[in-house]
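Visitor: Listed below are the residues making up each chain.
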Amino acid sequence: MASVTFQNVIKNFGDVKVIKDLDFIVKDQEFLVLVGPSGCGKTTALRMLAGLEEVTSGQIQIDERVVNDVAPKDRDIAMVFQSYALYPHMTVYDNMAFGLKLRKTPKDEIKKRVQEAAEILDITHLLDRKPRQLSGGQRQRVAVGRAIVREPKVFLFDEPLSNLDAKLRVQMRAEISKLHQRLQTTFIYVTHDQTEAMTMASRIAVMNKGILQQLDTPQVLYDRPANLFVAGFIGSPSMNFFPGTIVVKGDAVEVDMDSFSVTIPEGLADTYKGMNGRKVIFGIRPENIHDPNFAPVNIHDQRVQAKVDVTELMGNETFLYMLNGKNTIVARVDPRSHKRVGEDVEVIFNMDRLHIFDAETEEAIR
Amino acid sequence: MEKTDFIKKNLPTILWGAALISLYFVFSSLIAPYSSGITLNSKIVVDRLKEIGGFLLGIFGALAVVEIYFYQIFFRQPTNQTSAIIIRSIQAFIAIVAILLVLYFFNATDLFRIGDGGLGKIVNAPLNLQEALKNALIKSKFASKTSAGTTASILLSLVFFILYAVIHFISKPRASKTGLAYLLILPAFIGVLFLIIYPFFFEIKLAFSNASLGTQATKNAQYGFIYGWNNFKTLFTGTVAQDAKFGAVLWRTVLWTVINVTFHVLGGMGIAILLNRKLMFKGVYRALLVIPWAIPTTIAAMALRNEFDSRYGLFNILLGDLNAWLLNLSLHTQGVIGIGNLFHWLATVIGPVSWKQDPFWAFVSVLISNIWLGIPFMAIVILGGLQSISQEYYEAAEIDGASRWQQFRNITLPLLSPVLTPAIILGVVWTFNKFDIIYLITQGGPQEKTDILVSSMYKAAFQFYRYGFTAMFALVIFAILFVFTLVYLKISGGLKSATE
Amino acid sequence: MKPNLISRSLRWFFYRSHGDSPFKTLLIHLTLIVACAIAVYPALRVITISLRPNDTLLTTDLRIIPQNATLDNYKEVLFGSPEKNRQSDFFLWIWNSLSIVLVTSIISVILAAVSAYAFSRFKFRGRSAGLVFLLTTQMIPAGMLLLPLYIMIAKLKMINTSLGLIIAYAVTSVPLTIWMLKGYYDTIPIDLEEAAYIDGASRFTVFTNIILPLSTPALAIAFIFSFMGGWSEYLVARVILQKNAIFTWPLGIFTYAQQFTVSWGQFSAASVLIAIPVMALFLYTSKWLVSGLTLGSVKG
Numbered sequence: 001m002a003s004v005t006f007q008n009v010i011k012n013f014g015d016v017k018v019i020k021d022l023d024f025i026v027k028d029q030e031f032l033v034l035v036g037p038s039g040c041g042k043t044t045a046l047r048m049l050a051g052l053e054e055v056t057s058g059q060i061q062i063d064e065r066v067v068n069d070v071a072p073k074d075r076d077i078a079m080v081f082q083s084y085a086l087y088p089h090m091t092v093y094d095n096m097a098f099g100l101k102l103r104k105t106p107k108d109e110i111k112k113r114v115q116e117a118a119e120i121l122d123i124t125h126l127l128d129r130k131p132r133q134l135s136g137g138q139r140q141r142v143a144v145g146r147a148i149v150r151e152p153k154v155f156l157f158d159e160p161l162s163n164l165d166a167k168l169r170v171q172m173r174a175e176i177s178k179l180h181q182r183l184q185t186t187f188i189y190v191t192h193d194q195t196e197a198m199t200m201a202s203r204i205a206v207m208n209k210g211i212l213q214q215l216d217t218p219q220v221l222y223d224r225p226a227n228l229f230v231a232g233f234i235g236s237p238s239m240n241f242f243p244g245t246i247v248v249k250g251d252a253v254e255v256d257m258d259s260f261s262v263t264i265p266e267g268l269a270d271t272y273k274g275m276n277g278r279k280v281i282f283g284i285r286p287e288n289i290h291d292p293n294f295a296p297v298n299i300h301d302q303r304v305q306a307k308v309d310v311t312e313l314m315g316n317e318t319f320l321y322m323l324n325g326k327n328t329i330v331a332r333v334d335p336r337s338h339k340r341v342g343e344d345v346e347v348i349f350n351m352d353r354l355h356i357f358d359a360e361t362e363e364a365i366r
Numbered sequence: 001m002e003k004t005d006f007i008k009k010n011l012p013t014i015l016w017g018a019a020l021i022s023l024y025f026v027f028s029s030l031i032a033p034y035s036s037g038i039t040l041n042s043k044i045v046v047d048r049l050k051e052i053g054g055f056l057l058g059i060f061g062a063l064a065v066v067e068i069y070f071y072q073i074f075f076r077q078p079t080n081q082t083s084a085i086i087i088r089s090i091q092a093f094i095a096i097v098a099i100l101l102v103l104y105f106f107n108a109t110d111l112f113r114i115g116d117g118g119l120g121k122i123v124n125a126p127l128n129l130q131e132a133l134k135n136a137l138i139k140s141k142f143a144s145k146t147s148a149g150t151t152a153s154i155l156l157s158l159v160f161f162i163l164y165a166v167i168h169f170i171s172k173p174r175a176s177k178t179g180l181a182y183l184l185i186l187p188a189f190i191g192v193l194f195l196i197i198y199p200f201f202f203e204i205k206l207a208f209s210n211a212s213l214g215t216q217a218t219k220n221a222q223y224g225f226i227y228g229w230n231n232f233k234t235l236f237t238g239t240v241a242q243d244a245k246f247g248a249v250l251w252r253t254v255l256w257t258v259i260n261v262t263f264h265v266l267g268g269m270g271i272a273i274l275l276n277r278k279l280m281f282k283g284v285y286r287a288l289l290v291i292p293w294a295i296p297t298t299i300a301a302m303a304l305r306n307e308f309d310s311r312y313g314l315f316n317i318l319l320g321d322l323n324a325w326l327l328n329l330s331l332h333t334q335g336v337i338g339i340g341n342l343f344h345w346l347a348t349v350i351g352p353v354s355w356k357q358d359p360f361w362a363f364v365s366v367l368i369s370n371i372w373l374g375i376p377f378m379a380i381v382i383l384g385g386l387q388s389i390s391q392e393y394y395e396a397a398e399i400d401g402a403s404r405w406q407q408f409r410n411i412t413l414p415l416l417s418p419v420l421t422p423a424i425i426l427g428v429v430w431t432f433n434k435f436d437i438i439y440l441i442t443q444g445g446p447q448e449k450t451d452i453l454v455s456s457m458y459k460a461a462f463q464f465y466r467y468g469f470t471a472m473f474a475l476v477i478f479a480i481l482f483v484f485t486l487v488y489l490k491i492s493g494g495l496k497s498a499t500e
Numbered sequence: 001m002k003p004n005l006i007s008r009s010l011r012w013f014f015y016r017s018h019g020d021s022p023f024k025t026l027l028i029h030l031t032l033i034v035a036c037a038i039a040v041y042p043a044l045r046v047i048t049i050s051l052r053p054n055d056t057l058l059t060t061d062l063r064i065i066p067q068n069a070t071l072d073n074y075k076e077v078l079f080g081s082p083e084k085n086r087q088s089d090f091f092l093w094i095w096n097s098l099s100i101v102l103v104t105s106i107i108s109v110i111l112a113a114v115s116a117y118a119f120s121r122f123k124f125r126g127r128s129a130g131l132v133f134l135l136t137t138q139m140i141p142a143g144m145l146l147l148p149l150y151i152m153i154a155k156l157k158m159i160n161t162s163l164g165l166i167i168a169y170a171v172t173s174v175p176l177t178i179w180m181l182k183g184y185y186d187t188i189p190i191d192l193e194e195a196a197y198i199d200g201a202s203r204f205t206v207f208t209n210i211i212l213p214l215s216t217p218a219l220a221i222a223f224i225f226s227f228m229g230g231w232s233e234y235l236v237a238r239v240i241l242q243k244n245a246i247f248t249w250p251l252g253i254f255t256y257a258q259q260f261t262v263s264w265g266q267f268s269a270a271s272v273l274i275a276i277p278v279m280a281l282f283l284y285t286s287k288w289l290v291s292g293l294t295l296g297s298v299k300g
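Chains as they are written, first to last, in the numbering used here: chain C, 1 to 366; chain D, 1 to 500; chain L, 1 to 300.
A few of these clues could be false.
Stated by the list, open to error - Simulated coverage check for chain D against chain L, where a stretch passes if three residues somewhere in it have a Cβ under 8 Å from a Cβ of chain L:
id, stretch
1, 133-141
2, 176-185
3, 195-203
4, 292-300
5, 458-464
Said to hold, decoys possible - Lysine-lysine pairs mimicking DSS-like chemistry, simulated, CA-CA at most 30 Å apart:
id, chain 1, residue 1, chain 2, residue 2
6, D, Lys43, C, Lys104
7, C, Lys209, C, Lys249
8, D, Lys8, C, Lys107
9, C, Lys101, D, Lys43
10, C, Lys20, L, Lys123
11, L, Lys75, D, Lys43
12, C, Lys178, C, Lys130
13, C, Lys130, C, Lys112
Since the hints were made in silico from the structure, they are not lab data.
A virtual CB, placed ideally from N, CA and C, is assigned to each residue, including glycine.
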């Protein structure tokens with residue numbers, strides 16, 4: 001039962017500023033996912049929380065306690081490493097029991113807890129083996145088991161699924177979510193994979209270049225990204241961005257992209273009325289661009305001409321890569337729309353789902 | 001349940017213990033009838049254990065004193081002004097005592113002769129204190145004469161620990177990131193300081209002295225630049241040991257190093273390439289080929305020395321047989337023009353050789369011996385390197401149409417170089433310094449014609465007792481190797497990758 | 001025998017690696033057999049001489065098992081000979097060697113294991129300078145420091161004691177062992193240590209419970225290296241030890257060779273007795289010895 005607070009945390013490695021002023025709160029029992037491209041400082045943030053890196057300035061709290069100078073062993077946390085970091089010379093049982101032994105837990109208690117954890121993770125039959133006799137997925141479970149038996153206040157995960165194959169990753173994702181529901185403890189999970197973040201998190205913190213970009217629930221992050229980076233990072237394939245200019249024509253507001261222009265629907269247009277001539281970036285997700293034959297009804301549609309460049313058939317959907325002037329448009333359309341490469345097509349933008357960002361600050365304009 | 005678990009867990013240990021104990025009893029009962037013929041007895045064993053035990057106790061005790069001292073410097077800090085004054089003065093006191101002990105050590109080993117004057121009295125103070133305490137202990141019948149010295153030392157070192165306890169109780173913990181690192185390297189650092197750095201400076205001082213047997217080593221030796229100059233001059237104009245001149249010995253050392261390393265690498269490479277394939281009996285070949293490396297050098301050297309005996313040695317027996325065979329052949333082919341003469345000529349050239357008297361053959365004999373000893377090591381190192389080269393490169397090269405030789409030139413050699421280059425460099429340095437074979441087989445003879453630099457130096461020191469001269473000699477050899485290393489580092493781009 | 005079997009065993013012998021013709025394979029086997037003979041023969045000769053009766057020691061006979069082979073030499077080496085009223089020092093020498101070399105190896109492995117850990121895991125001032133310095137000490141000729149060490153040991157009145165030789169030996173092996181172990185520690189993932197810290201371990205526990213168990217192979221190699229180095233050392237021992245009672249075995253067996261009547265038979269018998277266990281140990285560990293060597297000094 002614990003909350004975690006980062007207060008104005010800064011971390012420098014020599015002259016390199018890895019984390020610039022990190023400031024957020026992880027609520028008790030929350031599953032927070034720290035996501036971002038590699039080198040964004042997310043792992044460093046986790047390692048500072050674990051006590052493996054020192055904090056250059058600022059404060060980290062677990063509950064009310066400032067832990068900056070507390071040794072890792074006294075922080076009451078457990079961590080699952082990317083490499084699993086299982087002790088190769090110990091059996092699975094000893095691996096899981098090591099932390100408890102160091103804390104002088106009675107033997108019976110250790111046995112009970114390890115058994116329990118092993119049952120939860122379905123690794124009871126592996127307890128006598130050494131790590132090198134296990135498969136990747138089994139090692140992963142043991143690493144999680146080692147964290148569980150400690151019954152810590154906070155669980156830390158450092159890209160734990162990145163060494164697994166795709167199928168296993170999906171399976172473990174579900175299991176970790178289940179585990180969180182079962183244990184009702186604070187989870188902090190670092191990954192570079194936005195799918196993992198979206199599927200597991202109760203809230204997601206998106207980081208880039210040592211700065212927290214946005215911290216919110218997955219749905220808000222997807223629907224209302226705070227800036228260009230978050231908009232591009234969340235969602236796959238990523239959002240289409242077209243640099244353009246706002247043109248106010250009486251009551252109507254348009255965004256002019258040189259090769260084409262779009263009209264902002266009435267309900268949304270008010271925000272942009274005073275911005276005539278402003279350089280913006282117009283964004284729309286591929287799933288909001290449709291084949292006219294299969295477009296949903298009751299949307300504010302905007303027809304755009306383009307030429308098909310590449311098509312990718314996924315079975316349940318089709319990705320169209322189209323060219324319009326200098327712009328590439330990616331659309332995720334119904335599989336029944338059979339477009340050929342080189343064909344001139346018309347697609348429909350669902351203008352209710354548009355995003356507009358300032359071209360300079362890259363912040364969303366709402 | 002618990003009990004059986006315990007037995008199960010410790011079964012290997014118990015079995016090993018039982019096996020060792022029974023082995024001991026079997027062995028001792030086997031030896032018992034002959035024990036009168038053996039000089040080793042339990043008293044010798046116990047005495048040695050006592051001697052070494054005391055030594056280790058002393059070493060680790062002294063280390064503990066030093067380690068705690070630095071531990072407190074890194075990890076404790078004063079709580080207030082008064083405690084700061086007390087702590088710092090205690091630490092200063094201990095530092096002074098330590099410096100005095102080191103100075104005493106210098107004095108006792110003759111690096112600085114401090115004498116018995118004012119400074120001498122201070123330097124000797126800690127030891128005098130120990131002596132006084134010892135006498136007091138004997139007088140008060142507190143300890144016997146034999147144990148008084150130890151008891152006094154223990155009592156005195158107790159003082160240190162009391163002082164440390166005082167510091168501990170008036171200080172508070174302090175965080176230090178690198179303190180532990182220094183504490184960890186401290187013991188090795190002290191060892192290196194006393195056993196490498198100190199002797200090195202000692203050597204420099206000796207080089208500028210006339211120390212020899214006549215001066216009873218350092219006891220009556222004179223020091224001064226002029227002696228150093230004389231030693232230096234003698235090195236290049238006089239003889240390096242008794243007969244040989246520096247230039248000739250240096251040339252021979254270069255020959256010795258180059259020939260040895262060349263043959264080691266070529267031979268090792270050949271064997272490694274032959275072994276680096278699927279082959280029947282590979283393990284057997286490997287084990288047999290390593291034997292020259294596995295044999296203790298002393299034994300190998302003596303065995304080979306025997307084989308170079310002019311009458312009973314293997315080489316001359318074989319050469320003699322070959323000679324007789326050629327003579328016989330020339331008799332049978334007398335009629336055939338050319339061939340008969342050829343065999344006759346061969347018979348006059350090939351025959352037993354005087355390995356001991358002829359300087360050339362003596363040098364060949366030590367070369368043969370050292371090459372024989374050194375090939376297995378290189379072979380194993382190179383084999384390890386070869387095995388780490390993926391077979392896929394060769395398959396790719398074969399598809400590209402590369403010949404075996406091209407594959408060797410363009411794949412094997414470049415990929416082997418990370419293993420080979422350091423091995424060759426180390427090989428050069430080791431061979432340059434390796435003279436046990438020479439010393440054991442020819443003793444450098446005849447007339448020092450098989451000596452290399454290091455063996456001459458060894459003889460100058462311990463056969464002719466030219467201490468001052470030897471020290472200068474050693475410095476010059478060190479300078480040569482140092483320049484070699486610098487050149488190597490320059491070529492190879494330094495040690496950066498290794499120390500990162 | 002079925003022809004099938006013959007052809008199969010032939011194929012087995014020629015166990016063809018990719019692209020080698022049978023003729024080439026045969027040539028490789030022949031070359032290796034000759035190389036093995038050259039490697040082994042001098043060692044076999046030592047055994048031959050040790051088996052010769054005393055009256056036929058000097059002979060041009062090249063047979064491996066001599067005529068009238070006898071174990072008398074071994075008996076005399078081990079247990080002395082009551083007829084000649086001579087006692088055997090063999091066990092004494094072995095004990096001297098063993099006690100000196102074991103202590104040296106233990107001290108140097110402990111010192112190296114601890115400081116190599118600091119060099120591997122800590123970033124502190126003077127770290128790379130220290131490492132380069134340690135390597136430089138290996139450039140110092142073995143005989144170079146011998147003279148000052150000898151004078152030092154003499155002044156400390158440790159000539160003819162085991163302690164003197166322990167001191168002299170300890171110097172040589174520590175720097176290289178530090179390099180070797182540092183190289184090994186570097187290969188142990190730092191994650192393991194961090195996991196242990198989070199599990200509740202202190203620096204000390206991590207060192208004893210994670211690092212040391214994981215590096216037992218390297219520690220064993222370091223120990224064997226140091227042991228082998230000292231075990232057959234002759235030149236330093238000759239300078240420090242001058243009394244028969246404290247001789248190590250390399251000095252000891254030379255007493256057979258340096259008396260007026262050189263007793264080659266006994267010399268060889270003693271050599272065989274000493275060499276066989278050492279060689280067995282060596283052959284058993286040689287694979288790891290090389291990997292340790294490449295780990296430490298070659299790869300850095």
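Visitor: So, for every hint listed, does it hold in this structure?
Guide: Structure-based check of all given hints:
1. 133-141: The restraint on the stretch 133-141 of chain D is violated, since only 0 of its residues have a Cβ under 8 Å from chain L and three are required.
2. 176-185: Per the Cβ count (6), the hint holds.
3. 195-203: With 7 residues closer than 8 Å to chain L, the stretch 195-203 of chain D meets the three-residue bar; holds.
4. 292-300: Coverage by chain L holds for the stretch 292-300 of chain D (9 residues, Cβ < 8 Å).
5. 458-464: With 3 residues in contact (Cβ-Cβ under 8 Å with chain L), the coverage given for the stretch 458-464 of chain D holds.
6. D/Lys43 x C/Lys104: Measuring from Cα to Cα gives roughly 46 Å; hence the hint is violated.
7. C/Lys209 x C/Lys249: violated (39 Å)
8. D/Lys8 x C/Lys107: holds (18 Å)
9. C/Lys101 x D/Lys43: violated (46 Å)
10. C/Lys20 x L/Lys123: holds (24 Å)
11. L/Lys75 x D/Lys43: Given that 30 Å is the threshold and the Cα spacing comes to 24 Å, the pair holds.
12. C/Lys178 x C/Lys130: holds (27 Å)
13. C/Lys130 x C/Lys112: Given pair lysine 130 of chain C, lysine 112 of chain C holds - Cα atoms ~20 Å apart, limit 30 Å.
Of the hints listed earlier, those the structure fails to meet are numbers 1, 6, 7 and 9, in rising order.
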